[in-house]
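The residues making up each chain are set out below.
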Amino acid sequence: MSQKKEFDWFDHDKNRKLLWKLLFGTCALTLALEPFAHVHGHFGWDDFFGFSALLGFGSCAVLIILAKLMGYVLKVREDFYDR
Amino acid sequence: MIANIPPFAILILGAALVPFFRDRMKSIYVCMLPALAFWVITQLPYGEHLGVHFFGYDLTLLRVDKLSKIFGYIFTLNGFAAFLYAFYLKDNQQHMAALGYMGGALGVVFAGDLVTLYFFWEWMAVTSTFLILARKTKKAYGAGYRYVLMHLFGGLVLLAGIVLHVQSSGSVTFEHFATRGLASYLILFGILVNAAAPPFHAWLSDSYPEATVTGGIILSAYTTKTSVYTLIRGYAGYEVLIVIGCVMALYGIMYALLENDMRRILAYSIINQVGFMVCGVGIGTAMSLNGAAAHAFCHIIYKSLLWMSAGSVLYMTGKSKCTELGGLYKTMPWTMIFGTIGALAISSVPFTSGYTSKPLIIEAAVHEHWTWAWLVLEIASAGVFLHAGIKFPYFVFFNQDRGLRPGEPPHKTMLIAMGLMAFLCIFLGVYPDPLYAILPFDMPAHVPYTFGGVVKQFQLLMLSALAFFVFLKLLKRTDTIALDTDIFWRFGGRAFSWFMDKTLNGLNAICDAVFVKGLAGLVNAFFVNAPLRLTQLVLNPVLNGAQRDRLAKQFKAGVSPIGLSVAVSLLYLFGIIVFTMNR
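If you read the sequences in order, they're chains A and B. With the first letter of the first sequence counted as 1, position 83 gets the number 83 in the numbering used here; the numbers rise by one all the way through. Here the numbering used here = 1-based position in the second sequence + 83.
Chain B extracted, bound-state conformation (with noise of 0.2 Å):
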């Protein structure tokens, strides 16, 4: 029975009712969902379900095996906490959007084919823009339009891709892709556009930390996580991956470094994490892989964290700049506590949950001697603390006192969500034996503790925490943003809409001119005015100046004797005969 239930059709079912619940009961509702739905993806018997025969392909709607299922299970715990930080909002649209995004997300881990795959995908970034959107700002508008443009130029090529793959192989299962060429590749590109690749990741940073307080956190879990998932299924062991992690790792701390923005901040941060994960799918070996699982597990707990105390401080404050925010310990010690476990966890100090999952990664590096790459996530794992471990909560909680005194947010669910959260990265950090559990891949046992381990990691760490208070004056808050790739589809897109303006209005203004007003009206004059002139001309030499200006005035008013008229009607049809005969 329960192995008929797919987990997706809870969510996106369920949002069709939410509109039906009140107040509270709606808030209880929509937390019930995601925690249905995990008790579901415990219960479901591994194999593949639900076979659908569609247009000659046989599509698999559920596939389970433990790589789902590891999946399945983070991005329902992670609705589950996102709705109960939302427990005040009643907004009927950010709910259904949510719950549509998550099913969409879950459709994609439990997906046995790429037909399947790609509906949800899509599904997916449509559901998501909403959450975009819901923030009702011009800001929110525009970042919303590039963000669902974005995603559907990413999703064209993926679809590209699979349409190649499906012609060469003539199997639309979603299996390991062993044969490199244009079809994996294309399909790569756009699994990348999602997991927010450079030059493809101003997407991101463009348009999370536009939406709603609790979009943002709903957001920041499941676009590009569903690309990790997808990549450790299908590219494990594609090299070039290590070398796109190793950029995008690099890549998100400086622009960290560089924003005023925490959200932004926060959003740029996603970048250097999923590189670790996507640089881990690179190496692909079985450690490699499970680090790259069991840190987009523990990842979307502590973003998640994150941006919830983020999200409490722009709540309370309605900012969410870095210049205009400091010193909120004194009025918001419970969401600076919460937020400052996360930084930890992202940092992965050890007894927290970053501790016990990033190291995988970056242990397979060092067996399977990628000793650039190794280097490469090393500096970024020092570059971590720098840029969300201390920097957010430094210059959110700390630095300068700006004289605000906002509180702690006044719905106690959102502190109890962050304190679940703050629990679970403190609890995998130190027992982390329940998430090697349900790690997919066979590997020797791994132990997260040892003394040099801890001392080395404390080492990096510490002397990381120094270089940044050393350095404090280089990286004082300045009133800007930073220049990122989307500059290039923002003007891009504005010179298109120029170019298309002045080519085709253009166009029409010219054809305007010479064929509206120009032809139309010289033949418009010529038919007015050729009876009159024709007449002029053919009596000329016996009419004197009076009678000429009396002959054009009996014209203009139409009533010039009639027996002229027709005189110099049939003239005119004389003409006419003899000029077409003579051709």
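In isolation and in its complexed conformation, chain A is listed as follows (with noise of 0.2 Å):
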């Protein structure tokens, strides 16, 4: 008797580097468009190409390694108010 064979597409490396490609793909389809879509900054300092990319990027960035920062300081224990 052969048991209903467990749906796992995602742990396979091969699939996963298929994701991988997809992401870069889709970056950089998003920047490909842009000429096409007229964008434009809203105040002037930010009317350059690929703005949008470039702060999205570089935000989460920052806020990870300010998140990794933090938590040198902040993370405890899970049982820190028990004891």
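Any given hint might turn out to be false.
As the list claims (entries may be wrong) - Covered stretches of chain B, going by a simulated chain A footprint (3 or more residues, C-beta under 8 Å):
#1 332-340
#2 444-458
#3 541-555
#4 614-620
Said to hold, decoys possible - Straight-line Cα separation of at most 30 Å, BS3-like style, residue types lysine-lysine; simulated pairs:
#5 B:Lys404 to A:Lys75
#6 B:Lys149 to A:Lys68
#7 B:Lys556 to B:Lys639
#8 A:Lys17 to B:Lys413
#9 A:Lys75 to B:Lys219
#10 A:Lys5 to A:Lys68
#11 B:Lys636 to B:Lys585
#12 B:Lys600 to B:Lys639
#13 B:Lys556 to A:Lys68
#14 B:Lys152 to A:Lys68
#15 A:Lys21 to B:Lys559
#16 A:Lys4 to B:Lys495
#17 B:Lys600 to A:Lys68
#18 A:Lys4 to B:Lys402
#19 B:Lys404 to B:Lys222
#20 A:Lys14 to B:Lys556
#21 B:Lys402 to A:Lys5
To be verified - Sample of chain B residues facing chain A (criterion: CB under 7 Å; computed from the structure):
#22 Gly466
#23 Phe481
#24 Ala650
Keep in mind the hints are simulated off the structure, nothing from the lab. All residues carry an ideal CB built from backbone N, CA and C; glycine is no exception.
Relying on the hints, combine the two individually framed chains into one complex.
This is the structure:
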């Protein structure tokens, strides 16, 4: 008697690689579409190609690194308040 | 006729009847109450109804306008979905607390005066506490206790402000606070405690994750959003709210990134999302206020959906830590799909509800030239995708397979409720017109979708996603919690208790040692031994050693010669008389 095979598509390295490619591809696509989208900045200084992309990647990188640094100070064991 | 039925009464009076229903009927009954209240709200005519004269003030229990209606709609809609999700639950206490709490929220948004508002405000604090206590764990009891104390503190500040305001203006009507002074700022402070503005926000992340599976869903919707409603009505254009809102938006992200427990992540993301709304109130234009209301509307839907999804995981696995979860997409595909839709909606991905509500606030910031606020909100938008949009589904449903094979929740209604909310997230994203039609303020028509706008939004979000996966190693979950401002009242409370224990009980101990044991003992010993000592003193020259011992024994046994006792007593008396006369 054979058991129904489990759906484990996301666990395979091959598929994970495909997802990475998809991610890069989509990022590239959003940049490639910008010239056709007539995107304008609101304040002048934000009016250059790929501003939103830079803002998205840059701010997230800063947030992640900041959170990591804050973690050194703020993270405590789960039972901190129970002791 | 309908004008005389206040929606809150349906839920609060309805709650009293919950114990009389059994099994399935109980579940149907609690679902029907918010549905009925929803219908009643659609029928309510605009204007002020149910005036009551109370201690010399004219109270208005029912003020109906577009602003109160939009919040009424979403509160009852969410109530229906939450009870549908909780269809399996037959716990009277939780159902009654939830109905009372929702009724309180409706009471606040339909209150025409500050006294009624205050009453329902405190009513909400008390009823909601039971949703936390119902978890019946030691942690939940502690969190519930701290929760209610914080709300009573906020409530007292609110009351102080209301009393001052009524004193100075002579009116209890709740309108925009045009005069900025101590009274209006005290009321604002009380509201901001409930809106979970730092540093008085940690009650939220402390208590909501300790609530029951269904309690968390219900709590996530009402307290903070009644505050948003109150701010929209009373504090539009208070610039300080822009600063507070921006702080909230970023603060929520940072802590959500630090947290390990999925429900704590969602709790912090409430603070982040309410930050956008508070900011919208601070900007104070018709568009930003509409944005705040619309965002509250959409937020309640997708946040409920996220809590439902997390609730299903908790219900099935009994676990809520990212370090213990992972790989659940294999056996909980529907929960994963619905949760992910909620995660996309909270991130304002185009064609979900977040994209039709949040940009109203951000656009208003541009129109009013709040450059820095606009930049913070954009950064926070990217951050939302990071902490709630990807982190929550990734660590719970994907990431590392930890061998958990829980399966979908056994109660179909849980999935149906999630499906309903997920449908609304997409429906309002694709076709926002019904939502725009019920927005409270008149503004120029807003076009949610332009090709440029969509491309920009996808750029922002996809590159945020890229940052998430590039820096994934830095985001590795640890079995920890992050210290937050609740440390001050947790340890502050302990220190207060320790201080009181040491000072008051110490004072007690000193009094006991000095007065009870010491002084009283001395007096006692004096009266017991004085006759013998005096006799010995007087007779000292004539007594030898053996006689002295016999005398001591006779005194102790109480059989000393009567004459001797009388003589000693007389001597004693005489001494006292001489002593007192000399004075």
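Against the structure, the hints come out as follows:
| no. | hint | verdict |
| --- | --- | --- |
| 1 | 332-340 | holds (count 3) |
| 2 | 444-458 | holds (count 3) |
| 3 | 541-555 | holds (count 14) |
| 4 | 614-620 | violated (count 0) |
| 5 | B:Lys404 to A:Lys75 | holds, 15 Å |
| 6 | B:Lys149 to A:Lys68 | violated, 44 Å |
| 7 | B:Lys556 to B:Lys639 | violated, 86 Å |
| 8 | A:Lys17 to B:Lys413 | holds, 19 Å |
| 9 | A:Lys75 to B:Lys219 | holds, 27 Å |
| 10 | A:Lys5 to A:Lys68 | violated, 39 Å |
| 11 | B:Lys636 to B:Lys585 | violated, 45 Å |
| 12 | B:Lys600 to B:Lys639 | holds, 22 Å |
| 13 | B:Lys556 to A:Lys68 | holds, 10 Å |
| 14 | B:Lys152 to A:Lys68 | violated, 43 Å |
| 15 | A:Lys21 to B:Lys559 | holds, 22 Å |
| 16 | A:Lys4 to B:Lys495 | holds, 23 Å |
| 17 | B:Lys600 to A:Lys68 | violated, 59 Å |
| 18 | A:Lys4 to B:Lys402 | holds, 26 Å |
| 19 | B:Lys404 to B:Lys222 | holds, 15 Å |
| 20 | A:Lys14 to B:Lys556 | holds, 20 Å |
| 21 | B:Lys402 to A:Lys5 | holds, 26 Å |
| 22 | Gly466 | holds, 5 Å |
| 23 | Phe481 | holds, 6 Å |
| 24 | Ala650 | violated, 70 Å |
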